[in-house]
Amino acid sequence: MEPTLPDVRAFRLSGEIVAPLREGLPDVAVQTIAAITAEVPAYAEAFTGELGAKIEKAVRAALGTFLELVSRAAGPDPGAPLTPALEAAYALGRGEARSGRSLDALLAAYRVGARVSWRELAAISVANGQPASTIAHFAELVFAYIDELSAASVAGHADELASSGRARRRHLELLAQALIAGEPVHAVIAAAERADWVPPQTLTAVLAPERAARALADLLDPRTLQVAEAGPEMPDTSVLLVPDAQGPGRAHVMRLLGGSGAVIGPPRPWLRARESFLRAVRVSGLVRRPRRGAVTDTEDHLLALVVTADPQALKDLRTQALAPLEGEREATAEKLVETLRSWLLHQGRREDVAAELFVHPQTVRYRMSRIRELYGDRLRDPKWLQILTVALAVPPA
1 MEPTLPDVRA FRLSGEIVAP LREGLPDVAV QTIAAITAEV PAYAEAFTGE
51 LGAKIEKAVR AALGTFLELV SRAAGPDPGA PLTPALEAAY ALGRGEARSG
101 RSLDALLAAY RVGARVSWRE LAAISVANGQ PASTIAHFAE LVFAYIDELS
151 AASVAGHADE LASSGRARRR HLELLAQALI AGEPVHAVIA AAERADWVPP
201 QTLTAVLAPE RAARALADLL DPRTLQVAEA GPEMPDTSVL LVPDAQGPGR
251 AHVMRLLGGS GAVIGPPRPW LRARESFLRA VRVSGLVRRP RRGAVTDTED
301 HLLALVVTAD PQALKDLRTQ ALAPLEGERE ATAEKLVETL RSWLLHQGRR
351 EDVAAELFVH PQTVRYRMSR IRELYGDRLR DPKWLQILTV ALAVPPA
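Each residue of the sequence shown is one higher than the one before, counting from 1 in my numbering.
Source of the hints: derived by calculation from the structure; they are not laboratory data.
Predicted model only: the values in this text are computed from it and were never measured.
Treat the hints with caution; some may be incorrect.
Below 25 Å or equal to it, Euclidean Cα-Cα: the simulated DSS-like pairs (lysine-lysine) are [as the list claims (entries may be wrong)]: (1) Lys315 / Lys383; (2) Lys383 / Lys335; (3) Lys315 / Lys335.
Between beta-carbon pairs, the in silico distance windows are [what the hints assert, rightly or not]: (4) Ala228 / Gly376: 32 to 42 Å; (5) Ala162 / Arg119: 28 to 38 Å; (6) Pro232 / Thr363: 28 to 38 Å; (7) Ala34 / Ala144: 20 to 30 Å; (8) Glu334 / Gly376: 37 to 47 Å; (9) Lys315 / Asp381: 17 to 27 Å; (10) Arg214 / Arg378: 52 to 62 Å; (11) Ser99 / Gly258: 34 to 44 Å; (12) Arg378 / Leu278: 36 to 46 Å; (13) Thr83 / Pro248: 53 to 63 Å; (14) Leu278 / Ser99: 40 to 50 Å; (15) Arg223 / Ser102: 14 to 24 Å; (16) Ala333 / Leu286: 57 to 67 Å.
Glycine is no exception: its CB is placed at the ideal position from the N, C-alpha and C atoms.
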């Protein structure tokens, strides 16, 4: 921070003039703090007790530095005494940000401090017979000095918020990573405390295109956690962990996600968020070419999840269920399988099967006749109907 206080070389107070000002500094500091306490509510509690004494000392030091500036002899670097004061003001700004006080409160304190300190210093100067021109120039330097200090504090306040904001964002991402990785409960709770994050009842995992994730997070609950990358098997995909998206809240979240092409998992108690994440990942792998921008709700794919829970077992079941078709040509077998699946779903209603397959009802009749020839009495056996229904519940991978 380079000091920019104007005209210090051209304006110097003699020791005789500065002496009464120095003598009056303690009272000026007390009056300044009293005014700030009365006029800026955010500082009323801060100035009580031991902290108040420290702040009073800092105010006296700042005013003393100013008097040193306007009383020292001209030299190669008349602004040198200002540097420690600016550093102290910068540190004050950072400390105020850490304490949670706003920039508005800090600037208000500076405005009140400048007004009161100038009023008290001017009264001392007038009482000691200083001419009006000297007092006017003195006023200019007082307010320029306070401006320098307030600017340094503003910079410190902003830097602290930026630094703490980056740190908190990192802590939040580490928390999200711990949740989807399924780390031990004690580690996750500690991560939540470090991130100063208040846990919700539930978390719902959302897989979203990386390009849209940040915009979506801004629309969702402010407590939403984010992991930039879902993993090497899901490139360009981010994970959002949305708080309390169950019940009516789920429909609201679905509306907010509309058009993003996201996959939304089930709500789970927040410490079991990994379950929601894994569900979303599985459904993402099951869904074939979803409509562009459509949101995929894992709750709509529970059957597919259950049926495909053991892929090898499902493959073996399909082989067993479709064994009667082994002698058919591949193209014919595919059409028969397609017809049989629809026939099972529509409980044998020929017109509904024809409508689903976009064929004539007579075609359905012909295909089902062939299927009955191949399966025989098995199509009337409840056990075989159950096997066929499960085996054909989802298309083969």
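Now for the hints, and whether the structure bears them out:
1. Lys315 / Lys383: holds, 18 Å
2. Lys383 / Lys335: holds, 23 Å
3. Lys315 / Lys335: Between Lys315 and Lys335 the Cα gap is close to 19 Å, so the pair holds against 25 Å.
4. Ala228 / Gly376: 32 to 42 Å: violated, 57 Å
5. Ala162 / Arg119: 28 to 38 Å: The hinted range 28 to 38 Å holds for Ala162 and Arg119, with Cβ atoms some 36 Å apart.
6. Pro232 / Thr363: 28 to 38 Å: violated, 47 Å
7. Ala34 / Ala144: 20 to 30 Å: Once the Cβ atoms are compared, 24 Å apart, the range 20 to 30 Å for Ala144 and Ala34 holds.
8. Glu334 / Gly376: 37 to 47 Å: violated, 21 Å
9. Lys315 / Asp381: 17 to 27 Å: With a Cβ separation near 22 Å, Lys315 and Asp381 satisfy 17 to 27 Å, so the hint holds.
10. Arg214 / Arg378: 52 to 62 Å: holds, 55 Å
11. Ser99 / Gly258: 34 to 44 Å: holds, 42 Å
12. Arg378 / Leu278: 36 to 46 Å: holds, 37 Å
13. Thr83 / Pro248: 53 to 63 Å: holds, 59 Å
14. Leu278 / Ser99: 40 to 50 Å: holds, 42 Å
15. Arg223 / Ser102: 14 to 24 Å: 22 Å Cβ-Cβ, so the 14 to 24 Å window holds.
16. Ala333 / Leu286: 57 to 67 Å: violated, 24 Å
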